[in-house]
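Novice: Place chain B on chain A using the hints.
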Amino acid sequence: MKTVVITGLGVISPLGRGVPATTMALQSGHNGVRRIQQFERRGFPVQFAGEVTEAGIPNDGRRMAALAELALDEALENAGLNGASTPRCAFSWAVGKPGLDLQQLTEALRHLSPATGEVLREQLDQIAPALARQRQSEEPPALTARLADRVGAGGARYCSYTACASGNDALGLGKRLIERGVADVVIAGATDAQVHPLGLLEFDLLDALAQEDSEHACRPFDRQRTGFVVGEGAAALVLEDLEHARRRGARIWGRLAGYGSSLDCYGLTKCHPEGRGAALAMNTALADAGLDCSAIGYINAHGTGTVLNDRAEAAAIHRVWGGRARQVPVSSTKSMTGHLIGAASAVEAVLTLLALAEGFLPATLNYATFDPECDLAVVSGAARPARFRAAMSNGFGFGGQNSALVLTAV
Amino acid sequence: MRQSLQRVVVTGRGVLLPQGRTPVALAAFRAQIAKPETPPRIADFRAADYISHPKLLRVMQRTFALTAAAAVLAMREAGVGDSTALSAVHPNPARCGVAVAMADISPLTPDLIETLRESLIGGELNLERFGETARHHLHPFRRLSLLANMAAAHISLLFGLQGPSFTLTSGLEAGGQSVHEAYWTIAEGAADLMVCAAADSPDYALTPSPVAEAGGSLVLENLIQAQARGIPVLAELRAVSHAVAPPVPESAAWAKSPGSGSLLAILAALDDVGRDGAQAGLEFMHHAHGQPTDIRAVQS
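Chains A and B supply the protein sequences, listed in that same order.
Note that the numbering used here has the first sequence beginning at 1, numbered continuously upward.
Note that the numbering used here has the second sequence beginning at 1, numbered continuously upward.
Chain B on its own, in the form it takes in the complex:
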C-alpha cells in the first residue's frame, strides 16, 4: 500500500503569539519558550490586517480570526494570497481542503449576559421574556460564532477551498490529529493541498486555567504539485503510523492550549528541522494513548 502513497511536503507556516508573528523565521517560538511568562492576549491583533473580507470579519469570532490569520500567513508563504489566487496555484479547488484543530468556543458572551439580566423576573429567569429579549440582544449569527467548524468555513471562503474538511476537537491532541489526517488525505490521493490551522483565545474561556492566545497553521501539499509550481519545499512529512501530538515544550505558555498546542509544537519541531540546514521531514511515530508523543525529524 505504501508504494502508492503520494509524498507530502510542507510549503507554508504561520504563527501568531503574543510575542510576535512572522511568516518565515518563527523566531517568536524561541522567545516564547525562553520566556514563558506570556501575556494572555495578542494585544495588537487586528483581524483586518490579515483578512480583507468585510462580510466575514463582521461575524468572525476572535478564535476563528486568529485561526484564519495564521492560515493567511501560512498560505502567503506557500505562494497563495495577496495577489495570487488559489486558482493560479491549483486548477481544481475541490482537491484543496482544510483540517482544523479547535477548542470548544465559550458561549459566555456579554450579549448573553445582557439578555439574561433583562429576562429576570423577581430574580428568576423567565423563559418567555428570555425569548423576547434574545431577539433584541443576541446576534442572529450567535450560533455560528460558537461552532468549532466555522474556522474551517472561514478559511475555505477566504481561499476558495472546496475539498475535504475536518475539525478535530480532541483537546491537546487535536492539532497533531489534524496534521495527521491532512497528511493522509494527500498521501492517499484525496487532495493535493490541505491547510491545517488552529488557535486559542482566552476571551471568557470556560477553562479552569488561563489559556495563552496563539494561532498556528501549516500548508501541506503533494510533493509533485509543489515541485511543479516551483514553490520552496520546507520539509517532507513521513507518517509511518497513527500520530497524535508531538512532544510539547513544557515551558511554552501554549503547551496546554487545547486547540492549538500540538499544532504549534509541530511548527516548533519543524523550525528545529530547518535549523539543521537540510531538507528534512517530521516522522510521526505511533504512541500509546496518554503517553508523551514522539515526533522526530528525519532526513528527506
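The shape of chain A in the complex, shown without the other chains:
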C-alpha cells in the first residue's frame, strides 16, 4: 500500500489568504466572524458571517471559483509543482451548492404575470434556460473540469459533495486514488461560498444558525451555544505518494494516514444523539491509519456550535476514547472561521496540519461555560504550544454523513 503525504497547502478563509497569514491568525486567535459586508443586510434576518475579506474576489456566482483558484495556485506553488509536469496527476474536488442570481431572476420575473400551478411551472421552464446559461460554468462538473485544467491534472477527475463532510471526503477519495496506484499526485480540496441571501436564509429556516447577532455567536461546546455562523472559503492540498515526493525533494507537511466515512442512518437533519456514525467514522480513520486513539494528540472537531451536533460529537469522542476522552485536546476552529459548509473540513484539514507542523493547539474562541454534556478537554482562550505526532479532523454533514481524517507527522 502506498503512503500518502501532503506536500502542498493553499487556503483562503475568514482567517485570511495564504498559509503564512492563516498560521498567524490561527495562532493569535483571530476572529473571522463579522457583520456581513457582501450585500445590503439592513433588516435581513442574518447579520453575521465568516467572510473572506480579500479584495478583488467577485461578489456573485463566480465567487466559489475565484476562492478555489486562489487556494489551488498557492498549493501548487507551495508544493513546488507550479509549471512542473506531473503526468500521473488526478484531481478530487468538492464544490459547494451553486447559488442563484437573484437579481437576474427578479429581472426575469418582472416580465411575467403572477401565476401559480401549471402556469407557474411553464414560466419556470421558460426562465430556466437563461439562468442555466449564466450558471453553467459554475456548476460543479464544469467548475471542477476548469480547475483541473488550471492545475494540469490530466488523470481522474472527481467532483463530489457530501454536505459539510465534503472536504474530508474529497481528500479521502484522493488518498484512495494514490493508494491504488492510479495517481502519484492528487490535488484535492473544496470550495464553498454560501454567504449570500438565499444560502443564509435556507440555513436560517432550518433553525441551525446562532440566535445572537454578535461576532461571538459561534460558541462550540459552550453551554450557551445556539447554532452556527455561516462562513466561506477554499482549501487545496497536494496529496502525493511518499516515494514520489521524496524523489523530487518535496517539503512534506504531514501524512494523510487515515480516512473514515460512515452514515448515521438516523435522520436527515439530526445526528445520532450518541454519536454512533461519527464514532464509526473516527474508528475507521484510526484503523486505516493503523493507530490507536491514544496516539492522537489533538482533535480538530467538527464543532459547529449547535446544541445537538456538539453534544453528539462529544458523545462520539467518548465512545472512541472511552475513559481517556478527557485527555485529548479538542478545539473547533469554526469559532474563528464560521462554518464553511462544503469547504469546512478541507480548510480544517489545512488548519490541523499547520497546528501539527508548527506545534500548537488552536483555541476555541467564545468558549466560556462548561457543558457537562460536552465533557471534553476543550482548548479555550488562546492557542497554546504543544508537540504532537498525530491529529484527527472531523467533518459531519446533513443527511447523517460522517467523515474523519487522521493526519500525522512524517
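Since the hints were derived computationally from the structure, they do not count as laboratory data.
Any given hint might turn out to be false.
Below are the SDA-like pairs computed for lysine to any residue, each with C-alpha atoms no more than 20 Å apart in a straight line [as the list claims (entries may be wrong)]: (1) K55/B <-> G267/A; (2) K55/B <-> L206/A; (3) K2/A <-> T109/B; (4) K55/B <-> L205/A; (5) K256/B <-> A142/A; (6) K270/A <-> S145/B; (7) K270/A <-> H53/B; (8) K256/B <-> E373/A; (9) K2/A <-> R255/A; (10) K270/A <-> E373/A; (11) K270/A <-> H139/B; (12) K55/B <-> L268/A; (13) K2/A <-> H53/B; (14) K270/A <-> L56/B; (15) K270/A <-> F141/B; (16) K256/B <-> S137/A; (17) K270/A <-> K256/B; (18) K256/B <-> Q136/A; (19) K270/A <-> L146/B; (20) K2/A <-> L5/B; (21) K2/A <-> I252/A; (22) K270/A <-> K55/B; (23) K55/B <-> P140/B; (24) K256/B <-> R133/A; (25) K55/B <-> I252/A; (26) K270/A <-> L57/B; (27) K270/A <-> L5/B; (28) K2/A <-> E373/A.
Treat the numbers as computed from the prediction; the structure is a model and nothing was measured.
Specialist: Structure of chain B alone, referenced to chain A:
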C-alpha cells in the same frame, strides 16, 4: 496487493425510464435505445409505490425519490426489502454503504418564485421582505431538498445502511465513478455491500438542454457473502484500473444525463453480458480523461 482483494459481484439491478421499469429483464433499455424520442418524464411515477416511509416521502425531492426507487428495485432483486430487512442479510449495517451519482439539483422552485414576487418593492428585490416572506413560503427543509448527498441519506434510512458513503457530482462520469469507488470499497475490505444509485429529473432543471428522466441502481456485494446467503450472482466486477464511464449508447435519451447517464450505461452493458448466457463481469479499463471510455465484459 491484488491477491488480497475481495471479489465483487452484482446481486441487484434497478432501472426506471419513461418506457417502463422492471427489476429483472431491463427490457426498457432496449426499447429506449431503439426508440430514442423519449418523453422527458416518467409520467406515472409515484414514489409511494416504492417507498413506504411517510416521513421521508414528505421531504423527498423527485430526483431523490427516483434514486431511492431505483435502489429499492435493485435491493429487491438482491433479496433485501419488502419483508426482508437488511439485518436478515447482513449482521453488520456498518459494513453496508451507499455510492451515489447525482447532478446538481435546481434551486429554481415554485415556492422560491412566490417568495421573490412578494419581496419586490417598486420592482426591486427587498432583502428585508425576502427574509420575512421566506418564513411563510419556503419549506424549512428546502436546503435539504437541494443537497446532492440527500439521495444517499434517503437510501441509508430506507435500508438501515451505516457504512461508507460517497456522492459523486462529476457530471457524465459520476455514475461510473460511483460504481468504481463502491467496487474498491468492497474489494479492499472496507464494506461487504454497497448500493450504487443515480437519477435525473427535468423538473426546472437548470441545464441548457432537456434531460431525460431516469433512475438506475446496482447492488454490489462481496462474493463470499453473496454465496453464503445464496443470492444469485448476476455478474462479477473486475476492476483493473481507474475507471470512469462506460461507452454510452449515443441514441439513448439518457446518454447525456449528468447524474445517471454512465450508471445506466453500466446497467445496459451488464444486460448485454447477461445475454451471453454466461456468468460474466464488467472489467473497467483505464482511459484518458475526456476520451470515450472502455468497459467490456469478461468471462468470470
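Novice: The structure should be examined with respect to each hint, and the outcome stated for every one.
Specialist: Structure-based check of each hint:
Note on K55/B and G267/A: the hinted pairing holds, with a Cα-Cα distance of about 10 Å set against a maximum of 20 Å. Taking the CA atoms of K55/B and L206/A, the gap is about 17 Å. The hint holds against a cut of 20 Å. For the suggested pair K2/A and T109/B, the alpha carbons sit about 46 Å apart, so the restraint of at most 20 Å is broken. For the proposed pair K55/B and L205/A, the alpha carbon gap of about 19 Å is at most 20 Å, so the pair holds.
In summary, the hint linking K256/B to A142/A is supported, as the alpha carbons are separated by about 14 Å, within the 20 Å threshold. Straight-line distance between C-alpha atoms of K270/A and S145/B comes to about 15 Å, which keeps the hinted pair within the 20 Å bound. Between K270/A and H53/B the CA atoms are separated by roughly 17 Å; this keeps the pair inside 20 Å, and the hint holds. Of the supplied pair hints, the one linking K256/B and E373/A is violated, its CA atoms being roughly 50 Å apart against a limit of 20 Å.
The straight-line distance between the Cα atoms of K2/A and R255/A is roughly 11 Å, inside the 20 Å bound, and the hint therefore holds. Only pairs whose Cα atoms come within 20 Å are accepted, and K270/A paired with E373/A is accepted, the gap being roughly 17 Å. The suggested pairing of K270/A with H139/B holds, with an alpha-carbon distance near 17 Å, which does not exceed 20 Å. Restraint check for K55/B and L268/A: the C-alpha separation of about 10 Å stays at or below 20 Å, so the hint holds.
The straight-line distance between the Cα atoms of K2/A and H53/B is roughly 43 Å, outside the 20 Å bound, and the hint therefore fails. With a CA separation close to 14 Å, the supplied pair K270/A and L56/B stays within the 20 Å bound. Between K270/A and F141/B the CA atoms are separated by roughly 12 Å; this keeps the pair inside 20 Å, and the hint holds. Using a Cα cut-off of 20 Å, the hinted pair K256/B and S137/A holds, with the two alpha carbons roughly 17 Å apart.
A threshold of 20 Å between alpha carbons decides the hint, and for K270/A with K256/B the separation of about 35 Å lies outside it, so the pair is violated. For the given pair, K256/B sits about 15 Å from Q136/A by alpha-carbon distance, which is consistent with the 20 Å threshold. With a CA separation close to 17 Å, the supplied pair K270/A and L146/B stays within the 20 Å bound. For the proposed pair K2/A and L5/B, the alpha carbon gap of about 15 Å is at most 20 Å, so the pair holds.
In summary, the hint linking K2/A to I252/A is supported, as the alpha carbons are separated by about 15 Å, within the 20 Å threshold. For the given pair, K270/A sits about 14 Å from K55/B by alpha-carbon distance, which is consistent with the 20 Å threshold. Annotation: proposed proximity of K55/B to P140/B holds, straight-line Cα distance about 14 Å (limit 20 Å). Straight-line distance between C-alpha atoms of K256/B and R133/A comes to about 17 Å, which keeps the hinted pair within the 20 Å bound.
The hinted pair formed by K55/B and I252/A fails the criterion: a straight-line CA distance of about 49 Å is larger than 20 Å. For the suggested pair K270/A and L57/B, the alpha carbons sit about 17 Å apart, so the restraint of at most 20 Å is met. Annotation: proposed proximity of K270/A to L5/B is violated, straight-line Cα distance about 36 Å (limit 20 Å). Proximity of K2/A to E373/A is assessed by CA-CA distance (about 40 Å); at most 20 Å being required, the pair is judged violated.
Figure legend: structure checked against the earlier numbered hints; hints not met, in rising order: 3, 8, 13, 17, 25, 27, 28.
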